[in-house]
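Engineer: The chain contents come next:
2 protein chains.
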Amino acid sequence: MKSDVLIIGGSASGITTALTAKAHYPDKEFLVVRREKEVFIPCGIPYIFGSLENSAQDVIPDQLLTDAGIKLMLDEISSIDCDKKVCKTANNEEINFEKLVIATGSRPVVPGWLKGADLENVFTIPKDKEYIDKAISTLENAQKIVVIGGGFIGVEMSDELNKKGKDVTIVEVLPHLLGIVFDDEVTAKVEEVLSSRGIHIKTGSGVKEILGTDGKVSEVELQSGERLEADAVILSMGYRPNTELAKDSGIEINKFGFIEVDEYMRTSKPDIVAVGDCAEKRDFITRKLSRVMLASVACAESRIAGINLYRWSNLKTFSGTIPVFSTAIGNNGFGAAGITENLARKEGLDVVTAIFQGMDRHPGKLSDMHPQTVKLIAAKKTGMLVGGSVMGGLSTGELVNLIGLAIQNRMTVSSIFTTQMGSHPLLTASPAAYPLIKAAEIALGKIG
Amino acid sequence: MKSDVLIIGGSASGITTALTAKAHYPDKEFLVVRREKEVFIPCGIPYIFGSLENSAQDVIPDQLLTDAGIKLMLDEISSIDCDKKVCKTANNEEINFEKLVIATGSRPVVPGWLKGADLENVFTIPKDKEYIDKAISTLENAQKIVVIGGGFIGVEMSDELNKKGKDVTIVEVLPHLLGIVFDDEVTAKVEEVLSSRGIHIKTGSGVKEILGTDGKVSEVELQSGERLEADAVILSMGYRPNTELAKDSGIEINKFGFIEVDEYMRTSKPDIVAVGDCAEKRDFITRKLSRVMLASVACAESRIAGINLYRWSNLKTFSGTIPVFSTAIGNNGFGAAGITENLARKEGLDVVTAIFQGMDRHPGKLSDMHPQTVKLIAAKKTGMLVGGSVMGGLSTGELVNLIGLAIQNRMTVSSIFTTQMGSHPLLTASPAAYPLIKAAEIALGKIG
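Quick mapping for you: the protein sequence lines, in order, are chains V and U.
Just so we're aligned: 279 in my numbering is position 279 of the first sequence, and the numbers increase by one with no gaps anywhere.
Just so we're aligned: 1174 in my numbering is position 174 of the second sequence, and the numbers increase by one with no gaps anywhere.
Next comes chain V alone, as it looks inside the complex:
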């Protein structure tokens, strides 16, 4: 069989590339091939364990594709012949293509050294509905749960399981939870909020081994020798790109295992693009290879790939990954964009930082006011914004997007300082104390 455009993978990036490209090239045939019967909204997965009623509420409807005239096939691509432009599937189908989109995503890391990871009641968090459904039903009967890995998935899973009344301990080898994404003032607050909700936190604690009885997990042993009782364990130790298929097909892979791509998401092979978690990332600020995996970045890449698929447009390139993260614990929002102060210093960039503490309503006596703290990180020499973070209420997601947008526009603290930001008592900080602008003012004072 044949499809003008063949997309391997049906999660966020596969869907977004297909939809974007189909809208721009409506005369072309599109076929998405995916392994999974149903596909999750990836960032919603932790919330299936608590806030949502069931996993069906987190499923992306196939109608999104079919309504756009995109075909869908449940199968697995087993090989790509890049020269002949044909793929083979597990069911022994051959699919010829003009353009191939590789959107094979990522899968949970289970370190080879970790003993006991294969015990019953030890779960990872893959984008796999059957697996997740099974994990949920098992966890219903578990009381003590140890979450290994304090990144976003670990933190969000812990909070959701805690909401369900579980006794949750989160174990992280780094000194702080979310320590890669946030500087210390934010991680301290994250830990404070999680603790206040009754979650036990073990940071700076490497895991030695997962122990079991009769093939079923019973304890987690830390490097310190301490043992934590566990009815179940969640492994949230990161994700790695799914790139074996690409590699086996002769497509270049970078040193971190991602598929090499240029600013148009083109791989080393003609007419083959890669998008999403499996595609190479280069940091917007440091210009170094990055390992960040975010649905928002995946979607941005997918839009670029989709629009440039047949007609190349030099106005629409991917200018580098600007990670924009956010999460919420209760009514506390946490977000970061660009690089952290820690990373800036590690990379040898001379930066100034500025922190402004304010409120997300004005006057502060309004009943739903939440404290709001914005930190900006700027290059000392140029004043250019390189990163920032927000601790606040539920407007944090969009406020951190403002920082991300400022970075993408290469704004300086000077240009941010003179920016006009709207404000409203019930929706934002006061116009005289708008946190981005006040932080920019403080940074400006340090640059002189």
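A portion of the hints provided could be inaccurate.
Below, a list of computed lysine to aspartate or glutamate pairs in the DMTMM-like style, where the Cα atoms sit at most 25 Å apart [to be verified]: (1) 22(V) <-> 4(V); (2) 1163(U) <-> 184(V); (3) 1365(U) <-> 53(V); (4) 189(V) <-> 1368(U); (5) 1446(U) <-> 368(V); (6) 129(V) <-> 27(V); (7) 1365(U) <-> 140(V); (8) 129(V) <-> 98(V); (9) 1115(U) <-> 1038(U); (10) 365(V) <-> 1130(U).
These aren't lab readings, by the way, just hints derived from the structure by calculation.
All values derive from a computational prediction rather than experimental measurement.
Model the placement of chain U on the given structure of chain V, informed by the hints.
Structural biologist: Coordinates of chain U only, in the frame set by chain V:
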């Protein structure tokens, strides 16, 4: 007496100019002269009538100034001698200055033709605590209230009084409430939400006269002849700049009555700047004089004036007014930035518009999800964003700031389309359906 810097007016722009300039020129003496014993957070005033417990909760503490080493005097400047650089006060003080900041603000419009505006129980909404306190205590005993003027103050006042159990009718001469700021799809929703909350709306209805009995308001007569019973009337028919003092002192005033200023907020007289509601506005997009009055714009002007007061910096100019409005009715947020489609068409700008309807959480089954609609307005020839609006939940304030920031950075729908926006299930739309980006995509499709 003498002060290096003399600031006339102690509301948002006076305070922000004083604080910004003092931070940059700490060796200079600063004196703020104002008439009012206490000063309100201006945008908070409507909320004193409902959401706040009392007017004291909306007062800006003087400590903000005094802690920064800025002096404060309660008096009224009665004349400015621009050549001799000295002001006279109502109490017959003479104050010499090096630099003068005019931040005299605005006051409510009461049209000369409106009969009955002087009746008892007819109130305007000035930035005057004594007046507001009196209005509030009178309104406690009023049941039927007619609000004349359906701009932001009128709409917000109506909703707050409605919360207090009053029977509120809002009368607007234009076809729609908030019709200057929003296009029809937003005004329709605003009216729907207000109606559903029990507020009576009379749009396209000019007021003929306010009628009274024994000197006290009893009815409002519309142009149609219809009469509305009224125990009290709120006049929210706009504000006009307070510029008599400047005008009498020989400072140039523009045709709309605002003090003429350049991009550094300098007036026609050396060493005298003007900021806030009394200072001239020029629209960022149309480059025409504008009459918009917003605390956020006032604060941006004030920061520019403050930083440039003694040492001129050509990097820090005011590049034109970008109105960024937002408001909330219940958990419904409404916001707009830049110019409306209506204004663009009236000004002869060939525009494309795009509307994307989505949700402010993902998946949409999350319990606090609110529908979210973003409209973008872009110049057809260049794709440059000239305006946009948001209807959504409580993140609307920051989302509309994103549109404002994109306009200020002269982004096109193409550059917005390829932007990376962060997302999180509990805080934002989904990465695949982020409303700004999806609306940009739709607009892009119309430009080709």
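Engineer: For every hint, state whether the structure bears it out.
Structural biologist: A quick look at each hint next to the structure:
Our distance criterion of 25 Å between C-alpha atoms is met by residue 22(V) and residue 4(V), whose separation comes to about 11 Å. Taking the CA atoms of residue 1163(U) and residue 184(V), the gap is about 43 Å. The hint is violated against a cut of 25 Å. Simply put, residue 1365(U) and residue 53(V) have alpha-carbon atoms about 9 Å apart, close enough for the 25 Å limit, and the pair holds. Straight-line distance between C-alpha atoms of residue 189(V) and residue 1368(U) comes to about 24 Å, which keeps the hinted pair within the 25 Å bound.
Among the hinted pairs, residue 1446(U) with residue 368(V) is inconsistent with the structure: their alpha-carbon atoms are about 41 Å apart, more than 25 Å. Straight-line distance between C-alpha atoms of residue 129(V) and residue 27(V) comes to about 33 Å, which puts the hinted pair past the 25 Å bound. Between residue 1365(U) and residue 140(V), the direct Cα distance comes to roughly 21 Å. Compliance with the 25 Å bound is thereby established for this hinted pair. A distance of roughly 31 Å separates the Cα atoms of residue 129(V) and residue 98(V); the hinted pair therefore is violated under the 25 Å criterion.
With a C-alpha separation of about 32 Å, the suggested pairing of residue 1115(U) with residue 1038(U) is violated against the 25 Å cut-off. A hinted pair counts as satisfied when its Cα atoms are at most 25 Å apart, and residue 365(V) with residue 1130(U) qualifies at roughly 20 Å.
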